[in-house]
Amino acid sequence: MGYHLRKVAFYLVALWAAVTLNFVIPRLLPGNPVDILMAKLQQRGGSVDPAARQAYETLLGTGGRDSFAQEYLAYLGNLLRGDLGVSVSAFPAKVTDVIGDSLPWTIVLVGLATLISFVLGVGLGALVGWKRGTWLDSLVPATTMLSAVPYFWLALILVALLSSGLGWFPLNGGYDVVLDPGWSPEFLGSALYHGTLPALTIVLSSVGGWLLGMRNMMVSAMSEDYVLTARAKGLTGSRVMVRYAARNAVLPSVAGFAISLGFVVSGSIVTEQVFSYPGIGSKLLQAVQNNDYALMQGIFLVITIAVLGANLVVDLLYGLIDARTRDRSTVS
Amino acid sequence: MTTLEVRDLTRTFHRHRAVDGVSFTLTAGRTVALVGESGSGKSTIARMIARLIRPTSGEITLTGQGGEPVARRAYRDHVQMIFQDPFASLNPFHTVEHHLARPLLLHGRSRAEVPHLLERVSLTPDLAGRRPHELSGGQRQRVAIARALAPGAKVIIADEPVSMLDVSIRLGVLKLLDRLQREEDLAVLYITHDLATARHFSDEVLVMHRGRIVERGPGDDVLLRPQDPYTRQLAAAAPDPEARFRQAFRQGGQP
Amino acid sequence: MTWSGKLAAGLGLAGLIVLFGLLGPLLTGDPATIRDIGLTPPGDGHLLGTTITGQDVLAQLTHATRGSLWIGVLVGVMATVLSGVFGIVGAYAGGVVDEAFSLFSNVMLVIPGLPLVIVVAGFVPADQRGTWTISLVLAITGWAAAARVLRAQTLSLRNRDYVAAARVSGEKTWRVICMEILPNLLPILASQFVFAVVLAILSEAGLSFLGLGAADSSTLGTMLYYAQNGFALQREAWWWFVPPGLIIALFGGALALVNFSIDEIINPALRDRVRRRRDVVATTPVAAPVDEDVVLTVSDLNVVYQGATPVHAVKNVSLTLRRGEILGLAGESGCGKTTLAYAINRLHRPPAEVTSGSVVLDGVDVLALGPEELRAFRWVRLSMVFQGAMNSLNPVTPIRAQLQDVLRTHRPSMSTSDREARCAEVLRLVGVDPARLGSYPHELSGGMRQRVMIAMALLLEPQVMIMDEPTTALDVLVQREILNEIKRLRDELRFAVVFITHDLPLLLELSDRIAVMRGGEVVEYATAEEMYLRPQHPYTRQLLASFPSLTGERGALIR
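Residue numbers (full-length UniProt numbering), protein chains in the order written: chain A, 1 to 332; chain B, 1 to 255; chain C, 1 to 559.
Isolated chain A, as found in the complex:
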């Protein structure tokens, strides 16, 4: 099987595992989510007809009335139709609509922050590794310390210092509420302005991991014979560093992207909460606090799919930058 096919197959398996996990969790854990949801629904003046109950039961379990297999098939059927149920906390909005509204915010925030963090960390890591024995070495413990700080704590300290203290950034939110969301320059500028501090938090907290990993690989790559050969060839220092050492040292960072992305996504959920950012992380917490199980599951599924998708893209890119993987026959 070719490299690409194998990767796609792996992510399909992972997707199936996530979907199934989503199905199993409410059925295995204690508590009776359907009853809680129906009670909530009643409070909000929603319909309590049997159809609504049945919809939730498909999602969360019938309490033993139907067989596991029947429930599973019904659940998969709903997923395939794109039906994730109705949100209780945002009643009567559908879960898919709630997610659709908040997802772009998170994708832009987390995507940009991850990209900046990766480029910055890998770039600095290459430089620190290359210039070993200079003052740059101190960047390693400094950024590692930052990664050991809880995201939300750093975020709150940054807000206290830069927003409350100096007034450079807004306290919270994703945009100035007097503006109408749209593609107007004012709105985009405001969104950018509001997104800077959350993005800065994510970058500061995650850059250390990239930097350390790249620096260590750079040091290993520099003792390789091909770097020695490149130096013997009389190539310029920058060419040896970029084309020979860094080009090889970056491979494990790219291969390990999955692990790091998981951390960033986890951290950004908490960060969004701190900044009351209108993204999917804040929505997830609202859902949890309001026992909005349908929304909770939907968001988990969407986050997982987004992460799997990003990893698939990175893995396919990896095949492009390392010719050897295409010829290897090992599994993932």
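Hints listed in this document are in silico derivations from the structure and should not be mistaken for laboratory results.
Beta carbons are placed, not taken as given, at the ideal position from N, Cα and C, and that holds for glycine.
Take these hints with a grain of salt, some might be off.
[Claimed, not checked] FRET-style restraints, in silico, Cβ to Cβ:
hint : chain 1 : residue 1 : chain 2 : residue 2 : range
1    : A       : Ser238    : B       : Thr56     : 46 to 56 Å
2    : A       : Val13     : C       : Pro187    : 27 to 37 Å
3    : C       : Leu47     : A       : Leu166    : 28 to 38 Å
4    : C       : Pro187    : B       : Glu183    : 38 to 48 Å
5    : A       : Ala255    : B       : Gly39     : 27 to 37 Å
6    : C       : Asp300    : B       : Glu183    : 45 to 55 Å
7    : C       : Asn229    : A       : Ile305    : 25 to 35 Å
Position chains B and C against the provided structure of chain A, taking the given hints into account.
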């Protein structure tokens, strides 16, 4: 007399025949040299005889001193292996003592035999407390030989036992193996890519090429008067300063 | 800082925090006592001030530290055991078990952890959300990355000869895993455990801060939750909000130091290097070469590896190389032959240092060149071929890019088509099809790769080529082809060669002159013929005797 017979041994990896229908016999008191280039299948044969990998087909039968077949369970009491790289074949975490005591205990002997084992391979018993990184390459390979002897094995598979050692100590290790073979009546399979030592240290030479034995016989016949084109090529490729200075050599006398 | 210094500092700091969490609660009184002195700044009586309800922050901090550490250790142990089972056992068992375990680990790895934990925590009613539940969930979502690392390491250990040797001596499988593999995994297990502890403390803090933590525990996360809900920062009560976060950061930082030192134990290359002292030595002024034919003169060269006990790797070595000559450099591992070769081209790296002597190549005093002059000198006048051609070629770019790099740097004015033509020309010279220019190194055989390296060394037609064990890794037949190729090219192109190897018979056949090295010194330096017929030094004789002749009298050697 302990005899190990290999009949029609074949091993395939992913449809590639690494070893293809190989047969030979190892008998006590004789050294058989298995010669070939990397990838010829010689190490695969060693690992099959040591029961590290299974043959795809073919048989390996062992008969004990009195001619009786040896049970599967007792196989490792009789057949042991020496690996190529003494830096890799000793666990950096354990002492020499541990490396020798374990096989002794596993085969119903006593830990007290460790000093004697070390003496048999010309090492001093005070090395027992050291770890591999405190030993030289030659010392390590001697420890590895002692480990192979520990269960009282009569068949020794030596897979390139000196190719990772410095040149000036190679002959010493080979001479030790040769002495043990004669004194203890061992059956030795000496696997190597070096034609010269194969000729000097064996009673029979088998030449392997692409999984098959292409030529076999006494060392002098096979290597000085090779019949197979591949063996001829191999013999011609070895560095031969004599050829260059033969003229001067005749005039100049003793080297 | 050295690795032992980092380990000591990290363990010391982490130890202090652990002590703070263990003993602190015994000394600081009840953290829950409410007083009517809300938000008192630090001072007498309350070293770290009070919370909004007048609780003592220091007392809360000690209890919270204990709670966080407990969860950290709990999760650390569980996650390490899980990763060990899936990583080590799977990799050792191999086959279908390994495929299944590895697939499972990878799936768990790509499913984002914290969202999953939040969903699980959301379904469990708050009163049933205890420390053990939270720890279990964190462990289940946090073991996969470590399993992947352990699997890779176990796969490499499993194929080590000492594992095979243990199996041959009859060890049982569980004993091979526990006694042969596990001890060598200890540093990695330790580092993964430390990482799991930090991750657990951070994740738990996040969960508690969101109000989803364990209901029955007080941790640094819950403390921050209350501080945030009491608007600690808005009221400028920094003493309430800052210390819990700082403890987490310090503990994480301390354990990161521990992990740095473990990394350096596993991979010595990462250890701090001695800083570069001076780069260029003062050389003795060079007299004009007497012999017009001499291209390379090395005189009284000394190379020392600086350190606590300096190692004199090359001692007073003097050599001369004439145009078109092959000079053999023979010696065993550690004799200084490779150090000497690198020093000639100044490729040696700290702590190696040329302490005295001179290297003159065709009138150029190599040791006196400035950095830019040195760069321009390399490969133009002197090129090198290294031992492992697989490792000398950059694995991620095609051959073409690596050949063209040389021309692009040293012949910047050359046109693209001329460059391509020259690269094809040198490949043809060494008998490689120019169509191979687009190939990656791993697509070529060992012999072919070494030919490409030789082609690369020919690109700029240098006067001298240094070859460091160029045929050692190759099979006899390929070695013979490469040697014939070198001889033919030398005759055609008249470059001089320094050929380094441990194989004295090969040098006797190939070289014009031979220098035998031992312990950094040249013990004998003579023409090949002289050395073959009348070796002077006892070590040369010993080396010669180490190679039994294929055709010589049989048995004279041993019996």
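Against the structure, the hints:
Between serine 238 of chain A and threonine 56 of chain B, the C-beta spacing of about 53 Å keeps the proposed range 46 to 56 Å intact. Checking the proposed 27 to 37 Å range against valine 13 of chain A and proline 187 of chain C shows it holds: the Cβ atoms sit about 32 Å from each other. For leucine 47 of chain C and leucine 166 of chain A, the Cβ-Cβ distance of about 30 Å falls inside the hinted range of 28 to 38 Å, so the restraint holds. Range check, proline 187 of chain C to glutamate 183 of chain B: Cβ separation about 43 Å, and the 38 to 48 Å hint holds.
Between alanine 255 of chain A and glycine 39 of chain B, the C-beta spacing of about 29 Å keeps the proposed range 27 to 37 Å intact. Distance hint for aspartate 300 of chain C and glutamate 183 of chain B: a CB-CB separation of about 51 Å, consistent with the stated range 45 to 55 Å. For the hinted restraint 25 to 35 Å between asparagine 229 of chain C and isoleucine 305 of chain A, the CB-CB distance of approximately 33 Å keeps it satisfied.
Taken one by one, the earlier hints all hold for this structure without exception.
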